[in-house]
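2 protein chains.
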Amino acid sequence: MNSEEEVAEFVKNGHRQYLPHVTIDPVIFGYHNQQLRILLLKWKGQNGWGLPGGFIQRREPLSQAAHRILQERTGLGNLFLQQFHVFGDSPYRLQERSAHEFRENYGIAVDDDNWLFERTLSIGYFALVDYSKVSVTTDFFTEDYQWQDVNDIPTLLFDHNEAVAKALTTLRLQIYHQPIGFNLLPEKFTLPEMHTLYETILGKVLDQRNFAKKLVSLGLITKLAEQRAIGPHRSPYLYQFNKETYEEALKQGIVHTY
Amino acid sequence: MNSEEEVAEFVKNGHRQYLPHVTIDPVIFGYHNQQLRILLLKWKGQNGWGLPGGFIQRREPLSQAAHRILQERTGLGNLFLQQFHVFGDSPYRLQERSAHEFRENYGIAVDDDNWLFERTLSIGYFALVDYSKVSVTTDFFTEDYQWQDVNDIPTLLFDHNEAVAKALTTLRLQIYHQPIGFNLLPEKFTLPEMHTLYETILGKVLDQRNFAKKLVSLGLITKLAEQRAIGPHRSPYLYQFNKETYEEALKQGIVHTY
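Going line by line, the protein sequences match chains A and B.
Counting along the first sequence from 1, when you hit position 157 you're at 603 in this note's numbering, and nothing is skipped either side.
Counting along the second sequence from 1, when you hit position 224 you're at 670 in this note's numbering, and nothing is skipped either side.
Warning: the hint list may mix true and false statements.
Pair by pair, the computed Cβ-Cβ distance ranges are [said to hold, decoys possible]: (1) B:GLU450 x A:GLU455: 41 to 47 Å; (2) B:THR601 x A:ASN560: 39 to 45 Å; (3) B:ASN597 x A:THR601: 47 to 53 Å; (4) B:PRO632 x A:GLY523: 51 to 57 Å; (5) A:ASN524 x B:LYS659: 40 to 46 Å; (6) B:GLN510 x A:GLN510: 27 to 33 Å; (7) A:GLY494 x B:ASN597: 48 to 54 Å; (8) A:GLN624 x B:GLN624: 41 to 47 Å; (9) B:GLU452 x A:LYS650: 27 to 33 Å; (10) A:GLY665 x B:ASN607: 29 to 35 Å; (11) A:GLN510 x B:GLU542: 39 to 45 Å; (12) A:ASP557 x B:PRO507: 26 to 32 Å; (13) B:GLU542 x A:TYR538: 56 to 62 Å; (14) A:GLU455 x B:GLU542: 21 to 27 Å.
Hints in this document: simulated from the structure, not taken from any laboratory.
Ideal placement from N, C-alpha and C gives every residue a C-beta, glycine not left out.
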């Protein structure tokens, strides 16, 4: 949504196309070079940064809406996307928005009882991407973006700090029973690559030998006959995820920890 | 909601009091005497059983709504209640309801475009109760209830089999990092009582010695100096949950498995 005409139409008639009262606000984790970051947008007229967001179309399956909102923002389809929580408790989630503020921020004429200002519940999804491969799109409502390190998140707009914290907790709890590495490592990877990914996401040091041994013994990753030459005398073996073992473990309710 | 007048008012003006498009449909697990069951209701005019459900008031915090709906149905307050998933993908979750069917089932005059027939997303919560202590309330829309064994769930109304399956998976995944036993065991309990609770919820046999040893060594339960006399030569030691250790483990993203 970029032109003022498109936005005016969305404001006026969006409730015919979208469900009111509910938004999807994705926390998009980006991993690259041993850094874990999240995508933040600078919302126009707001003094600060927040998460991306969007509405669900009236006849659209919920998870399809989440994928669409992510694709519109990042250009990426077919991502690992995980619903993690619905936010509806904080004071921000109980109140109506200010029509006055909206007119000030965006210069668009709108009635006080417009559908956009009603209370919304926020359905949180998180995604994992390689942020070096993403080209982020801003629009009429947003004027800038940044990939911010998870260890250095500023005070965000709305209740978005709560959403980021909950997403990170869930990501860390699920790291051993969701195929989180699939999006972030090459198809064939070395043990140090895998080890670094897990350490970065968990934000703590893991014993390198035990970590690898356990992943292999559980059958979650498989050692290949191939090696990668990365220097003289350095050609570590390559490994591959074993997707079926992951899925079987999850189905049986087994959580692996290290 | 019991009288026809109350229901007629709810149908006509409920959208002023409640958010449309969103319901809360709790899966209420009941544990007693080594059985794990769920609460099912017989919805009037529907040929089958389904979960309880309710709407969120326009100014009501989400989790407060979940507690209220549970309390209205079971009479129990202050329960362990865990949000687990929003359902919005299945064909049932995309379609509008039939006004004709509603008139047939409940004998109440209603327009085709009444708010009750719009598509709804369902926010799933699960609770854990001792079902021997619950007195279930039926109302105008429901004519009977039962506590059904989780191993013998029939085909349910709407998309409720999906909700039950997902709730059970989540309960089992979280059994070691949520204070699940608090509601279901006496404050002081024996190891066999704890062991049986976990085996029943997980639906599988756990090694009795390793299970107890690990819980104690992790500090999740604490051995007391007290014993319970249950027969001649039988007076097992009593144990207590260590709530702080649980909470600290969860905060640090540590999941304990056995």
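The hints, checked one at a time:
Separation of GLU450 (chain B) from GLU455 (chain A) is about 43 Å and conforms to the stated range, judged on CB atoms against 41 to 47 Å. Range check, THR601 (chain B) to ASN560 (chain A): about 43 Å between beta-carbon atoms, so the 39 to 45 Å window is met. In this structure the supplied range 47 to 53 Å holds for ASN597 (chain B) paired with THR601 (chain A), their Cβ-Cβ distance being about 49 Å. The beta-carbon spacing between PRO632 (chain B) and GLY523 (chain A), approximately 52 Å, falls within the hinted interval of 51 to 57 Å.
Separation of ASN524 (chain A) from LYS659 (chain B) is about 45 Å and conforms to the stated range, judged on CB atoms against 40 to 46 Å. In this structure the hint that GLN510 (chain B) and GLN510 (chain A) lie 27 to 33 Å apart at CB holds, the actual value being about 30 Å. Against the hinted window of 48 to 54 Å, the Cβ-Cβ separation of GLY494 (chain A) and ASN597 (chain B) comes to about 51 Å, which satisfies the hint. At roughly 18 Å, the beta-carbon separation of GLN624 (chain A) and GLN624 (chain B) lies outside the given 41 to 47 Å, and the hint is violated.
A hinted range of 27 to 33 Å for the beta carbons of GLU452 (chain B) and LYS650 (chain A) is inconsistent with their spacing of about 55 Å. Separated by about 30 Å at the C-beta atoms, GLY665 (chain A) and ASN607 (chain B) satisfy the suggested range of 29 to 35 Å. Between GLN510 (chain A) and GLU542 (chain B) the CB atoms are about 18 Å apart, so this pair departs from the stated range of 39 to 45 Å. Here the CB-CB span from ASP557 (chain A) to PRO507 (chain B) is close to 27 Å, well matched to the stated 26 to 32 Å.
For the pair GLU542 (chain B) and TYR538 (chain A), the beta carbons lie near 31 Å from each other, so the given range of 56 to 62 Å is not met. Take GLU455 (chain A) and GLU542 (chain B): their Cβ atoms lie about 24 Å apart, and the range 21 to 27 Å holds.
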